[in-house]
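Visitor: Here are the chains, one letter per residue:
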Amino acid sequence: MGSVAESTVKRRSALDTIPLVGPLAICIVLYLFPLAAWLISLPATKSQLHVSRIYYAQISGTLWMSLASAALAAGLGGIVACLAVFSQRRFAKALAFLMTMPLLVGFVARNYSWTGLLSHFYIGPLGFVGRLQDSAAGVILVMSVVFTPLAFFIIFQGTMRLRPEYFAAARTLGATDARAFCVIAVPLLLPSAGIAVGTTFVLGLGYFITPQLIGGGNFPFIGNGVLRLLNDLGDVPAASRLALALLLTVLVPVAVAAAVFVIRQGRKKARVAQPVDTREASA
Amino acid sequence: MNAQHGADDALAEFLPRSLRFALWCVGSVVVALIVIPTAYLILWSFCGTEIIGRLVPLRDASFKWYQEVLEAAEWRDAIAASTEIALVVSVFGACVAAGYDYSKRFSNRLLQLTTWGAMVLLLTNPLIAYGMSLRAAGAAIEINPWLVIALGHLAIIAPLQFLVFEAASRFIDTDMLNASRTLGASHWRTFYSVYLPNAIRPVVASMVIGAFVSFDELVIALFTLEGPTATVPLQIWRSISHVVEPRPAVVASLAVTAAAVSWFAYEQLNPKNARTVRGLWERASGMRKEAMGAVAGLAAVHYALPDGHGPWHALLQIVLHATGAVTGGVLVGLWKLRSILRGLLVTVNAEPHGTRKVARGFVLPGVSEDVDSLEGLLGGGLVSINRAQCCRLTAACFHEFRGGQYIGTDRNVPSRYYELYPDYLETQLRGRSRKGDIRIVMYSHTALLDDLASHPEEGTRFLEMHWGTGVTLLCVDWSVAEGAAHRFELETPDAGIFAREVALFFLPSSRDDSSRMMLRVVDDALRRRLQLFLDELIDNAMEVVRGTSWLVAFRALADDERSSLKGACSLEV
Chain A
7 MGSVAESTVK RRSALDTIPL VGPLAICIVL YLFPLAAWLI SLPATKSQLH VSRIYYAQIS
67 GTLWMSLASA ALAAGLGGIV ACLAVFSQRR FAKALAFLMT MPLLVGFVAR NYSWTGLLSH
127 FYIGPLGFVG RLQDSAAGVI LVMSVVFTPL AFFIIFQGTM RLRPEYFAAA RTLGATDARA
187 FCVIAVPLLL PSAGIAVGTT FVLGLGYFIT PQLIGGGNFP FIGNGVLRLL NDLGDVPAAS
247 RLALALLLTV LVPVAVAAAV FVIRQGRKKA RVAQPVDTRE ASA
Chain B
11 MNAQHGADDA LAEFLPRSLR FALWCVGSVV VALIVIPTAY LILWSFCGTE IIGRLVPLRD
71 ASFKWYQEVL EAAEWRDAIA ASTEIALVVS VFGACVAAGY DYSKRFSNRL LQLTTWGAMV
131 LLLTNPLIAY GMSLRAAGAA IEINPWLVIA LGHLAIIAPL QFLVFEAASR FIDTDMLNAS
191 RTLGASHWRT FYSVYLPNAI RPVVASMVIG AFVSFDELVI ALFTLEGPTA TVPLQIWRSI
251 SHVVEPRPAV VASLAVTAAA VSWFAYEQLN PKNARTVRGL WERASGMRKE AMGAVAGLAA
311 VHYALPDGHG PWHALLQIVL HATGAVTGGV LVGLWKLRSI LRGLLVTVNA EPHGTRKVAR
371 GFVLPGVSED VDSLEGLLGG GLVSINRAQC CRLTAACFHE FRGGQYIGTD RNVPSRYYEL
431 YPDYLETQLR GRSRKGDIRI VMYSHTALLD DLASHPEEGT RFLEMHWGTG VTLLCVDWSV
491 AEGAAHRFEL ETPDAGIFAR EVALFFLPSS RDDSSRMMLR VVDDALRRRL QLFLDELIDN
551 AMEVVRGTSW LVAFRALADD ERSSLKGACS LEV
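For the protein sequence lines, the chains are A and B, in the order given.
Heads up: the first sequence begins at 7 in the working numbering, then just goes up one per residue.
Heads up: the second sequence begins at 11 in the working numbering, then just goes up one per residue.
What the hints contain is simulated information worked out from the structure, not anything from laboratory work.
Bear in mind the structure is a predicted one, so any value in this text is a computation, not a measurement.
There could be a bad hint or two in this list.
Pairwise CB distance ranges (calculated) [claimed, not checked]: (1) B:Ala309 / A:Ile34: 43 to 49 Å; (2) A:Thr182 / B:Asn396: 24 to 30 Å; (3) A:Pro197 / B:Glu236: 41 to 47 Å; (4) A:Ala276 / B:Val98: 44 to 50 Å; (5) A:Ala261 / B:Arg86: 42 to 48 Å; (6) A:Val189 / B:Trp156: 51 to 57 Å; (7) A:Asn237 / B:Ala83: 21 to 27 Å; (8) A:Ala261 / B:Arg298: 42 to 48 Å; (9) B:Gly557 / A:Ile34: 55 to 61 Å; (10) A:Ile34 / B:Arg64: 49 to 55 Å; (11) B:Pro238 / A:Val266: 45 to 51 Å; (12) B:Ser179 / A:Ile269: 25 to 31 Å.
Yeah, the Cβ is synthetic: ideal placement off N, Cα and C, and Gly gets one too.
Taking the hints into account, I'd like the entire structure generated from these sequences.
Guide: Written out as C-alpha cells, the structure reads:
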C-alpha cells in the first residue's frame, strides 16, 4: 500500500507543479534575472548625478505630476464607473466599450492623436485649448485622460461590492437616496479608488510619452531623463543610476504596502481563528 | 471588458435624480475626452495632410495614406513584426495563465500568495528600469534582440492575463474539476475536456488583452532594438520625433478596427454561443489525432520532395502535399479504429468505465420507478436527486452488496441523520450483517456531544445501532476530512463504499429536500485516492465507545489499532 500511496502522491505533485509555477518562473527568469544582470553590470564609477539639481527637479516633477494625473484619472474613472453601475446594463456595456477601445489602441497612438488634435486650436476663441500643448496642465490633463480607462476598469471591478439590498435596506431605514449613496457607495468604492490611484501613479512614474509629446520636453520625467542620457548623450552608467533611482522610488512604497497588507491579513486571520480556539478549549 | 458583473439593473433606481444629472454632465465630458482623440485618429488617417493641424474636407477623404503605409517596406515590416510577436506572446501567456488557474485549485495557499506577490511586483515594475535591465541581460548573454523583446512582452502581459483569470476564476466551478478527477480522468484530460471549454471567455479575453498590450509596447523595443527594423510603436515614435504626419494615424486606425472587431467577437461568446463553441471544440478534439497525422504526413512529403521549378512541379507539389496529409490522417484513423475494435481505446469523458454496466444490474431493479431521473447517475455523473430517491438508491446498494463490508464517511450529526433517513434501520439495513462495517463520522466530538445533549433519543438510537451490531465507529474533525478529500481530489468527503466495489458520493444541495449524488465503480484510479483518503482519516480518528459515566467516550487509538483498522479498510480486492 505504501508504494502505491507514494507513487500517487509523486505523480500528482509533478503534474500539479509544472503549470503552477509558470507565472513564478516568468517573474524569476524574465524579471529578476535581467534585473540581477543589470545591477551586477552597473559600473562602479562615481557619478555626481545623484546630487545634481537636475536630478532632484526631475524626481520631484515626476512625483507631483504623476500624483496629480493619477488622482484626476481615478476621479474621472470613478465618475464614469458610478455612471455605468447605476445605469441600465445596455448603457453600462456601451460605456465599457468606449473605455476599452482606447485602452486597446495604446498609449503612443493616443498621445500622438492629442498632439494632432491640440494643433487645431492655436488661434481663435478656443486658443486656450491649443495652449495646453507644451504646458504642465496639458501634460497632466492628457496623462489623466490616457490613464482614465485603466482607472475606470479598476473601480468598475470594485463596484461589484455594491448590492441593491444595501440601498433597499437604507431606504427602509428612512435614508434618502443621496445619503445612501454617500454612506454606502462611496465608502465601498474608496478602496478600489485607492488601488486605481496607486496603479496609475506607479504607471505615471515610469512614463515618458506624454511629457515628450505634449510637454515638448519642457517637463521631463525620469523616463525622459533616462532616454536622453542613453540615446542622446550615450551615458549608460548615468542612465542606469537614474533608472535604478526610479525603480527604488516605486518598489519601496510597494514593499511597504505589501508588508502592511500581509500584517493586516495575519491579524484578520487571528481574529477569525480566536473564537474557534476558545470553544475548543472550553469543550 | 466584462460589463455585466457590476452593472446590475436593480441599482439604477437608487441613484437620486440630482446626482444622476451631475454624473451625466461630468461623465459626458470624460467620455468625450476619451472618445474624441480616438475618433480624430480615424479622421486624420483619411483626411490628413503633411501639415499638422490641417485636414482636407471630408468630401476629399481618401485612402492615400493607407496606400502609402502599405507600400512602405518599413511600415509593413513593423506591422508584421509586431503582429507576430503579439500573437505568439499572447497565446503563450494565456496558456501559462490558464495552466496556473487550473492547477492552483489543487495547490496550497502559500504558493498562491507567492504568485500574487510576484504578479504585483511585475505589475508595479517601472518599464524604463525593466527596459534597462533587459538591455543589460540581452547584451550579457548575447541573444537575438527580437527574442529579448518577446520575452520582455511576456513579462509585461503576464500579470494582466493573470488578473483576467483571477477575476473570471470564480465563475469556473472547482467542483466540476474535482468530479472529473473523482471519475478517474487525468489532469490533462480534466484540463482539456472540463476546464478549457468552461474557460473560453477568460482565455479569449486574456489573449486579446495580451495581444494589444504587446502590440502597443514601446519601451522594451526602444531599449533593445537598433537599426532600421522596428515594431509599430517604435516606428511611430521614430516617425513623430521628426515630423507629425498621418501615417501613424493609419496604423492606429487599423488597431482601432482590430480592437472593435475583437470586442464584438468577444461579446458573441455569451453562454448560448459558448455551448456551440464547446460542441465544436469537442468535435474537433475528437479529430486531433487525425490532424496530427495529417501534419506529420504533410511534413514527411515536404522534406522528401526534391527542389524544382516550373508550373508542373508546383502542381505536383500541391498534389503530393495533399496526398501526404490525407494519407497521414487516414492512417491514424485506421489505427484508432483498430484500437476501438480491439477494445483498447478507453474513452474517459463524463462516464467512468464500467459504471453503467455494473450499476444497471442492481440499481434499476431496486429503484425501477426512478429510471428516468437516475439515468444520469448510472452514467457516473453528479446529479441532483430528491430525498426519497436518495434513500431508495442507498437501500438498493445495501441490498445488492449485503454480504460485503460497508465503509462509510458521514457529515451528519445523529439528529440530522434521522431527519434525513427516518426509516434507515427498518428499510435500508434490514437483513444484512453489519459486523465488520466501519463508519467514520466527520464532525468534532464537541458537535457530537452537543447533538446528544439536545437530541438524546436519536443519539442513543444511532450509537446503539453501531455498538449493538459490531460496527466500528470513528470520529474525525470535518476540517481534516475536507482537507484530505481536497488533497486526494475527491468531489466530497461524504461517501459510502459498498463491498469495495461501488462508491456513492453525497453532496448537500442548496435545496433542503435534495442532495447531489455520484455513483462510481471503484476502479484502480479511484481506489488509490480513496485509500489515501481513508488512511488519513484513520490517522486522525478517535474511536467512539460506550462511556462509563455518560453515554459516549472518545478513545485515542494505539498505533497497532490504527494499522489494523487500515487493514480492515483496505480497498484491494
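Visitor: Would you mind marking each hint as holding or not holding in the structure?
Guide: Each hint, compared with the structure:
1. B:Ala309 / A:Ile34: 43 to 49 Å: violated (35 Å)
2. A:Thr182 / B:Asn396: 24 to 30 Å: violated (47 Å)
3. A:Pro197 / B:Glu236: 41 to 47 Å: Given range 41 to 47 Å: holds, Cβ gap about 44 Å.
4. A:Ala276 / B:Val98: 44 to 50 Å: For valine 98 of chain B against alanine 276 of chain A, whose Cβ atoms are near 46 Å apart, the range 44 to 50 Å holds.
5. A:Ala261 / B:Arg86: 42 to 48 Å: holds (45 Å)
6. A:Val189 / B:Trp156: 51 to 57 Å: Holds, since valine 189 of chain A and tryptophan 156 of chain B (Cβ atoms, about 55 Å apart) stay within the stated range.
7. A:Asn237 / B:Ala83: 21 to 27 Å: The hint (21 to 27 Å, Cβ to Cβ) holds, given that asparagine 237 of chain A and alanine 83 of chain B are roughly 24 Å apart.
8. A:Ala261 / B:Arg298: 42 to 48 Å: Since alanine 261 of chain A and arginine 298 of chain B have Cβ atoms about 46 Å apart, the given range 42 to 48 Å holds.
9. B:Gly557 / A:Ile34: 55 to 61 Å: holds (57 Å)
10. A:Ile34 / B:Arg64: 49 to 55 Å: holds (52 Å)
11. B:Pro238 / A:Val266: 45 to 51 Å: holds (49 Å)
12. B:Ser179 / A:Ile269: 25 to 31 Å: holds (26 Å)
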